[in-house]
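Q: For the protein sequence lines, the chains are E and V, in the order given. According to our numbering, the stretch in the first sequence is residues 59 to 663, in order. According to our numbering, the stretch in the second sequence is residues 59 to 663, in order.
Just so you know, these hints were derived from the structure itself, not from any lab. For clarity, every value in this text was computed on a predicted model and none was experimentally measured. Heads up, some of the hints might be wrong.
Identical copies go unnamed one by one, so any copy, or any two together, can satisfy a pair.
Below, simulated PhoX-like cross-link-like pairs (lysine-lysine); rule was C-alpha separation at most 25 Å, straight line [to be verified]: (1) Lys538 - Lys524; (2) Lys109 - Lys330; (3) Lys611 - Lys94; (4) Lys385 - Lys552; (5) Lys482 - Lys566; (6) Lys606 - Lys663; (7) Lys94 - Lys109; (8) Lys209 - Lys138; (9) Lys332 - Lys611; (10) Lys566 - Lys385; (11) Lys538 - Lys606; (12) Lys385 - Lys330; (13) Lys94 - Lys442; (14) Lys572 - Lys519; (15) Lys392 - Lys572; (16) Lys116 - Lys482; (17) Lys215 - Lys138; (18) Lys215 - Lys109; (19) Lys613 - Lys392; (20) Lys611 - Lys482; (21) Lys538 - Lys205; (22) Lys385 - Lys572.
Protein chains: 2
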Amino acid sequence: MAQVIADRRDIDFVLHEQLQVEELSKHERFADFNRKTIDMIVSEARNLAIKEIFPTWKLGDEEGCRFENGKVAVPESFHKAYELFREGEWIAMCDPAEWGGQGMPSSVAQAAGNYFNGANCAFMMYPALSHGAGRLVEVFGTDKQKKLFLKNMYTGKWGGTMLLTEPEAGSDVGALTTTAVRNEDGTYSITGNKIFISGGENDLVENIIHPVLARIEGAPPGTRGISLFLVPKIWVNDDGSLGEFNDAVCTGIEEKMGIHGNATCSLTLGGKGKCRGTLLGQENKGMQAMFVMMNEARLLVGMQGFSCASASYMNALNYARTRIQGKALVSSDKDAPSVPIIQHPDVRRQLMLMKSYVEGMRSLLYYVGFCEDCIRISNDADVKARYQGMIDVLIPVAKGYVSDRAFEICSHGVQIYGGYGYIKEYPQEQLLRDCRITMIYEGTNGIQAMDLLARKLGLNKGQAFKNLLGEIGKTIEDAKNISGLESLATGAEKTVSKLGEVALHIGKTAGSEKMLNAFAFAHPFMEVTGDAVMAWMLLWRAAVAARKLAEGKSKKGDTAFYEGQVKSAQFFINTILPVTVGKIAAILANDGAAVEISEDAFGGK
Amino acid sequence: MAQVIADRRDIDFVLHEQLQVEELSKHERFADFNRKTIDMIVSEARNLAIKEIFPTWKLGDEEGCRFENGKVAVPESFHKAYELFREGEWIAMCDPAEWGGQGMPSSVAQAAGNYFNGANCAFMMYPALSHGAGRLVEVFGTDKQKKLFLKNMYTGKWGGTMLLTEPEAGSDVGALTTTAVRNEDGTYSITGNKIFISGGENDLVENIIHPVLARIEGAPPGTRGISLFLVPKIWVNDDGSLGEFNDAVCTGIEEKMGIHGNATCSLTLGGKGKCRGTLLGQENKGMQAMFVMMNEARLLVGMQGFSCASASYMNALNYARTRIQGKALVSSDKDAPSVPIIQHPDVRRQLMLMKSYVEGMRSLLYYVGFCEDCIRISNDADVKARYQGMIDVLIPVAKGYVSDRAFEICSHGVQIYGGYGYIKEYPQEQLLRDCRITMIYEGTNGIQAMDLLARKLGLNKGQAFKNLLGEIGKTIEDAKNISGLESLATGAEKTVSKLGEVALHIGKTAGSEKMLNAFAFAHPFMEVTGDAVMAWMLLWRAAVAARKLAEGKSKKGDTAFYEGQVKSAQFFINTILPVTVGKIAAILANDGAAVEISEDAFGGK
């Protein structure tokens, strides 16, 4: 039967054949997660996603959210799906059981998230933001805060959000003007206006806990003076009972290009001077707390974008197999029957592009989860640090590069449908619209590129990036010894060695008087890094697949699947990497036009 | 004052400094179109676009079209704009005065179209399709047909459409099943179902004339047996008066991703057995007639996409100049004031990308119009043929490459707005949605790429493509002699010489047993051809600008503008062309993965 949202065979391949996550169960922490359990988790996530969440996707797009008198109604169909999602305990998949979590490996949670986000990423924003806010409480909360809030958040009884952006403080968080004044009882009075708050107000949950970034009176300007507060929508008394409504009022929701089912709210805090919150973590350490949560949040956004691409690929593939249009190009018989469009070369080119990126991105995202798992099972500080470095370097790629490519993939998914791709009766245009936000929120992709260049490239004196190149190198060395992959390995090696060269170059330029030049190439540098990571993942997959094929014991369906893995690597390395080499050449050329041009010369006046 | 929709200075530059269209007025045909007249036309088009059409753009998106009982109501605001558009005689800008046209040069009409389509391309579909249908009548109609229909169509009293697509016949027009049976009175009875008909039914006009592709009983299958008919919505009596309603009934309209203001209709012809039409042109020559009109239609779609990109660039530029966010990257002073985002390198990179493509695309589209003008003023068959060859080769680029790039440019336009780019309060997301259709209709961009490879590359034994390379070569030779442009000229020359190489390679491959491989690279080949054309146009512009700068007499504002021209060429040649070289390398590598992979190996089952 045709797969939807994601290819189960491919998910199983990454989990069990590429990453071998079952091995994690040898460690006490993940002892419960043997192959059977993992498969059951993925199957249950898949069922819930396809049967209950996916049907809300188009409905949610059409219905949108309604705002009236400070209240927000989410699409009607979201309520049942949300209850089932809560019942299945899917909100805190990787968190401790004592707070309502399932304690599963993050790699496995990525597979579940793949299905959930592909089914309806607008819906998933509600539980995902709740979880993110919960994690802040878990990591930075006092015992009392944890006791009051955490379990209700992780079990989805209450929601959570993140109040960060203000009209004049978006990418520049440090410019925020929301203030906090300490009261005699230890709480803080908060005053300010926040915008772009996903799920900031909604009728799915009884209460909403808002982590809020604000500046305590007298604190330094910029990010140095920002603190984090917990501001509940309804005050929570010390005994856990609900008190009065807090003075945190939703003043409106945005009309957006996509993710209509998610309420993007504006909130006014302290409009009547009565908004109360409690400090979360230390004074003036709010930004550091944000940074701790950022990897998780950015990985999630990458997963959202990728899941749209994954669904778009499945749809395009199913469509191309069944849509009859035109003769086979090789046929000279004018009366030959028409064929499914999957036989046309340009459709195949687009499908191969979609396939190879979707597979590479899936491996990357699950691998980042796997690195988290490896940190959790290790007692060795060096091993932990090494995996953490890998995560830190990969996060801008997993968010920025992945969401950029995901949008392109979704556009190909529209194109393969032809005119039907543009109309709402078919799913492809909504995936494209929903996907577009992932390039923007949780730090625009420009910010991701700056993060890679300014923070991650030099992390641990460049060791983290070197370790990434080293891991890629290992896969290449391995592939060189596999029959049929030798030339692919050599092809990848050439590009990766050029990546090392351009990394040195741009790192050096960023520290020179030509610094602005380097930053004008930050985004292209993220692209070529991402390309190399894709090639790595695809070559790794091909190596696994080629070995299985060589064993000659794979089942019939599996043979085609494994051959498809080798083809993805072949396509990417021989067709995409030459373009990567061109991009690297452009970065090395280091042209200064973009930074030299005067503001007037841009025209338009 | 900040420019909107399009940069007037840049439009004037292309018309008067790059193409020198005023020279056309030396020829009798265009004697009325001196500089003053041309400037007045552009100013009037600009005023109408900004003051009357642009305000209908967002309204039309929100309101959309309404379908009820076979009737379609367009957005309310379109009515006044349409009347003004008619009054200004903008429908048939280049056509003979005797039929209601203005007879202006096509190059000038492109400038006007730039403003109109940038103001509201959904609105523009109505008059543009009417004009296209009118052109069919003008070229293929009998005297009687012209007398009955043409002036009413060219003056916008009546509308026109194109009934081509059927549910099972999209890209493969030859698969259509609509039939025509000759009646005793010489008319034909038409029966069939047509879809995706832009403006197929609407309340802007008194009557709608539908050119319909159908197969006469007994005609051969495929495209060889297709004829073209004129089917009026309301029958037109021989004295020009309106008769009874024809049996051509609108059965619904599509909900789409964008261009909501344009009604995309399904029409049932002959549901009651009473749909009548008259033959337009010769029996079984319907496809040839279509081909005659295709260049105009495809140039228009390129213009639509480009105009969205042009508007998106203007918006992004104005936003970047006024949006304050973040400190200057070079500043080490933590208390330094925040700056407009146009100072940030990644924003500049995106603006430069937008600028250079928008300028290159503008020059290309106007140049295609200019080639049409040169055909019209020439009496020399060789000269005419040469320009026609140039148009034929450039059309797939002007439609396919331009709409691909335009969509990317619109996406950058969203990105520069950050979160505001995704919300409907700002214009950028609508431009992205509207623009997306241009990659699909009037032949998907996959079809455009096949057209370039299969028809245009070998046109006149390859002479047309060689002439294109020759024209580019002339500009390069000229630029080599201009101080400051030498290295840019050399850079462009390298890429163009590689383009010649890859054209030979792919042309040869397309004629070999590896034919499918070649077609799997048809789209990349269109991309690299387009890149070379962009480099040509930008270098041509830079040459003009550098000469003006060298004269040292330009006004203050002009100096910045001319410097900006050199910067665009510098950016494109040094930053984009290295990537083009990589793309060429990938085509030359000619990897077969996309055509070799088995259908099963794509997965998803």
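Q: Now look at each hint and say whether the structure bears it out.
A: Cross-check of the supplied hints:
1. Lys538 - Lys524: within (21 Å within a copy, 43 Å between copies)
2. Lys109 - Lys330: neither (45 Å within a copy, 43 Å between copies)
3. Lys611 - Lys94: Within. Shortest intra-copy distance 22 Å satisfies the 25 Å Cα cut-off; inter-copy 80 Å does not.
4. Lys385 - Lys552: neither (40 Å within a copy, 38 Å between copies)
5. Lys482 - Lys566: neither (49 Å within a copy, 41 Å between copies)
6. Lys606 - Lys663: between (63 Å within a copy, 20 Å between copies)
7. Lys94 - Lys109: Classified as within; 22 Å inside a copy, 66 Å across copies.
8. Lys209 - Lys138: within (21 Å within a copy, 60 Å between copies)
9. Lys332 - Lys611: neither (70 Å within a copy, 65 Å between copies)
10. Lys566 - Lys385: between (55 Å within a copy, 22 Å between copies)
11. Lys538 - Lys606: within (16 Å within a copy, 57 Å between copies)
12. Lys385 - Lys330: For Lys385 and Lys330, the Cα distance exceeds 25 Å both inside one copy (70 Å) and across copies (33 Å).
13. Lys94 - Lys442: Neither: 28 Å inside a copy, 73 Å across copies.
14. Lys572 - Lys519: Within one copy, since 21 Å is at most 25 Å while 50 Å is not.
15. Lys392 - Lys572: Classified as between; 21 Å across copies, 61 Å inside a copy.
16. Lys116 - Lys482: So Lys116 and Lys482 pass the 25 Å test inside a copy (9 Å) and across (19 Å) alike.
17. Lys215 - Lys138: within (14 Å within a copy, 53 Å between copies)
18. Lys215 - Lys109: Only inside one copy: Lys215 and Lys109 sit 22 Å apart there, 52 Å across copies, limit 25 Å.
19. Lys613 - Lys392: Neither: 39 Å inside a copy, 63 Å across copies.
20. Lys611 - Lys482: neither (45 Å within a copy, 55 Å between copies)
21. Lys538 - Lys205: Neither: 55 Å inside a copy, 75 Å across copies.
22. Lys385 - Lys572: Intra 55 Å, inter 18 Å, cutoff 25 Å: inter-copy only.
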